[in-house]
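The task is to assemble the complex, starting from two chains supplied on their own in separate frames and drawing on the hints.
Top to bottom, those sequences are chains B and P.
Numbering of the first sequence is given in my numbering, commencing with residue 1 and proceeding in unit increments.
Numbering of the second sequence is given in my numbering, commencing with residue 328 and proceeding in unit increments.
What the hints contain is simulated information worked out from the structure, not anything from laboratory work.
Quantities reported herein were computed from a predicted structural model and do not represent experimental measurements.
Treat the hints loosely; a few may be bogus.
Ranges of calculated distance between the beta carbons of each label pair, as one might list FRET restraints [to be verified]:
hint, chain 1, residue 1, chain 2, residue 2, range
1, B, Arg145, P, Ile471, 50 to 58 Å
2, B, Pro142, P, Ser451, 53 to 61 Å
3, B, Pro142, P, Pro341, 46 to 54 Å
All residues carry an ideal CB built from backbone N, CA and C; glycine is no exception.
Below are the chains, spelled out letter by letter.
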Amino acid sequence: MALLDVEDLSVTFRRRGQRTVHAVDGVSFSVDAGEVVALVGESGCGKSVTSLALMGLLPRRGAQVGGSANFDGTELLALDQRSMRDIRGKDVAMIFQDPLSSLNPVIPIGIQVTEVLVRHRGMSGDAARKEAANLLDRVGIPDPRRRLKEYPHQLSGGMRQRALIAIAVACQPRLLIADEPTTALDVTIQAQILELLKELVRDSNTALIMITHDLGVVAGMCDMINVLYAGRVVESARRKELFAAPRHPYTVGLLRSIPRLDVGRGEKLTPIRGSVRDVLPWSEGCAFAPRCDRRIDASIGEPPPMVPTHTGHSYRCVNPVPVEEKA
Amino acid sequence: MFRFIVRRLLLLIPTLFGLSILLFVWLHRLPGGPETAILGERGTPEMRAQIRRSLGLDEPLLMQYGRFMKRLLQLDLGTSISTKREVTTEFIQRFPGTVELTITAMVIAIGVGIPLGYLAARRSGSILDHASVGGSLLGTCIPIFFLAYVLKAVFAEWLGWFPAIGRQDSSIDATHPTNFFVLDGLLTREWDAAADAIWHLILPGLALASIPFAILVRITRASVLEVLGEDFVRTAEAKGLTERVVRRRHVLRNAMLPVATSIGLLTGLLLSGAVLTETVFGFSGIGLFLYEAISNRDYPVLQGFILLIAVIFTLVNLAVDVSYSLIDPRVRVR
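In isolation and in its complexed conformation, chain P is listed as follows (with noise of 0.2 Å):
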């Protein structure tokens, strides 16, 4: 197991430098660069020039990439070209947004998705199965934007049961020692300024675990069709045991392992920034951030971003891996 985490850990290394390498040459490719950014359609060719000289953009691509690398080595990702702040300061501070957000958006999705997903398969045919399939099928169609702002109107503007924008009311003047600000509220003992963060969290979170969700109904439901006919099963009902124990141990269980690995990837693909939910909630994650930077050409901040977001991509799939070898015997790591 140990052998098999710290090859995985190993792998991480040429994969970042691969993904270094092309995203240095995608970024640079992009037309435009950081001085249209800054200057718009007015500056002079002579402007532009001096600012792309003044950000070593003017030397060869190469040169840039080396001077990149060397400082990538020291653990050093450079300065945003907007905000002029260093690139991991922004990151820490606005990827505790993106987590609390995914951990919001999948423990509802989990929450709903698993027990609906298996009570559809124990009563398939059913009108609740056709409803939560149906259910799972609209949370697929509807685009994210479009069920973020209707969640909004309804709920923040219309009802004023949420807030509608930002992570934590600006009335509150909490501290902030690790940024996710639940968990600031609740180590400061700030009680009302970590209820505050949750209520902020939830119509974000409700968007985002849309589709997440309706992705855990099916497997679920699938999952847990599948187990129910298999031999095993009969053998646990052979036995007389009660209807729970044959649930719980023998159903539930087994069905469980494609659901796990789903869940691992949906959590590494919500962490890596959910644009469209951000944008729409005024929620300052790595999403937001991000698309900001894209606009404004900010070289630094999206290669940084991005390989940070690679190297957590990983992790959270390797933690997927290990805790499947846990629940299968059959799948043991080496």
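Chain B extracted, bound-state conformation (with noise of 0.2 Å):
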């Protein structure tokens, strides 16, 4: 059994005198222990609110959360505050994608550490500021001890980041979820956090879930690609397979649009035409049919299923980008 079966999600949001918003959509996929899964698509597709789903971290009010989340045999989403709250940084842990804004700006780098250590490995005073640089340590940060007590504005945003990571992996979680973990940092720490998390993940056999729209961070690290649009997943596969034979319009639209160092000189990036904004309810058919070139009469009308392959490989289209013969 998988380690978290995320079965047909669902978030909504409600507020008085606004419109209602489908955020997830009946978002399914699961996540075996050791493997890293990722949630691609671009903004407002819904791939952060179903990570702040599965951590109940969503606003308690106006946001309604339905479907299942089943954590090692724990059902996420039925738990109440209290009993989320112990699974909460010891269980599953999560990194967040600004590393300045996501740490308190007036308590040392120290405390913020070790108050996890105290809240769930039960331990005090020196044994948890040892661990604490032990941390710090294994997440790379030189100098640990100095670290300790300073304050998060004296760091720089890798050095952030790094710190961060340390708290999420303060417990040893079995799932990690990081939510964008690299889009607030220039490119050359961009790889060197990537790498750091590879090789956390690979030494503990914690399962990683990565959320980016960045196609680019997923080809290096991801085992099981989810790519997600408008709430709901529309291609899922293994790695090598989405990016080998792609079959959904949108994956390959995401595809095209990576620049390349690789491709001749004048040649175009090509965009997706349009924006998030020119969706169609999924009632109504397929979301992405009013950005799609290869939208069919069949897109228009119902909500095109999920349809699976031998492979493993499923996409939500009914005229797939068929797959191109290889010599």
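In structure tokens, the structure reads:
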């Protein structure tokens, strides 16, 4: 059985006087122990909301969560606040996008690391400080003893993200969720952070859900990729298969918009036309149809079902991109 | 830090110098003078001229200013025209009353305002939230003298729970080594004297607290609401920390930064004297005395008191800046 089984997860935001928003609309995926699974998509596709729903971090008022998320036998979505607090940070941990705003500016790094150890591993005083220094050392922060006494603004962006990672892995969680962990960083630092994450999950057999808009990030480290569009998974495949034979026009569009060094001069990037706002409600057909070149009559009217193939690759399209014949 | 404090204290010198010039020109430009206050409307021109001469007011303004500065450098602020006592003595006798009143008002405003503002933010949109925002609006709208009279009429005159006037009951024969009546009572172990002094502070303290209370409720509420939406609070939640730790260590500590600044400013403001409250409750602090000094054109008192208030205001602000740098590591004073 998988470590995490997400079945038909949906998140609806209701605010009085405002239109109801289906941010996540029936998302299913699973994560095995030690596996790296990606949720990929543009801003607003529901990938971050999915992760917050799993962590129980959505605002209590206004957000409605449906479906199920089974974590090693525990139904996460049915847990009360108190039991969720026992799991968060211990069994399931999260790394956020912007390391500066995600750290408390007026508290030394040390306390921000030790407070998790105190909460979940029952450590205190010197033992916690020693372990915190070990953790900082493990995520590649030089001179950890001194850094523990420093404040977030005294660290560089990369350091801060490393500190956040140290906090997340402090209790050896079985599942780590990284929400755009490299978006706020320089390109060189991005590579280092990804390398570090890869190393950490490999060494400790931690499962990782990688949330990103960047297929380049995914290419280097993920086992399984789920592409999200307008709150639904539109294509799901193992990494090699997805890059070699993408079937959903949206996935193809995403792949085409990655800048590459190995193409000839003068060849232009192909952006996907329109924006996420040009969406058809799923109940009226394929949400991507208004932006899609391969749209056919069958795209409109009925919501397209998820089509499975024998290799575990599945896609949600009535007119998929044909698999290219390879010589 | 030390250099920062010294520099700020040195800056006080030109500030006070400028203020003294402004004060001097402004006061002497006011129509009427001490002679009118002393003689009333009936004095003859000769009598007026004689009083002016005896007070040295017939000399050119520059000469008068020179004399004032010379005395000031010897820390001598002159003698009050109306009470014939030294200005410094008057200040030392009356300022403690204002300090006690300020502390009472700020304790009430902080003790009720901050928790209320915090709860309002935690339950934003609830009845409690609307009630506290409305209540704080009322606090700023009701004129202090009106509120003071209502409090006095209801709790002192009608219900008789609190004394209506003064700093201490006249029947109590207490010794006053410091002029802080509450502190004096504690120092001399005259517990009933201390208790009576506290009793006298409550109604004027409540009246004076209304505006700082209203401001603190609103600032705390806004600040907590802002911090609750911050990413680091979400990180704290993601760590699975208990609600208490998230609240105290992550929300409150950050939310208190703007509140601390307001507390400093408000304290400085209240220390400059509460004319209306002190008048209604016959409370002898600097506000009441300053008010009388203005009516009497008591130049030495006005000059001396206003300069001293400026010094105190600056010191309070300095204390705020220093404490701010202690709670927020990003603001390191140099």
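Open item on the list: When the structure is checked against the list of hints, which entries are broken? Sort them ascending.
Closed with: 2
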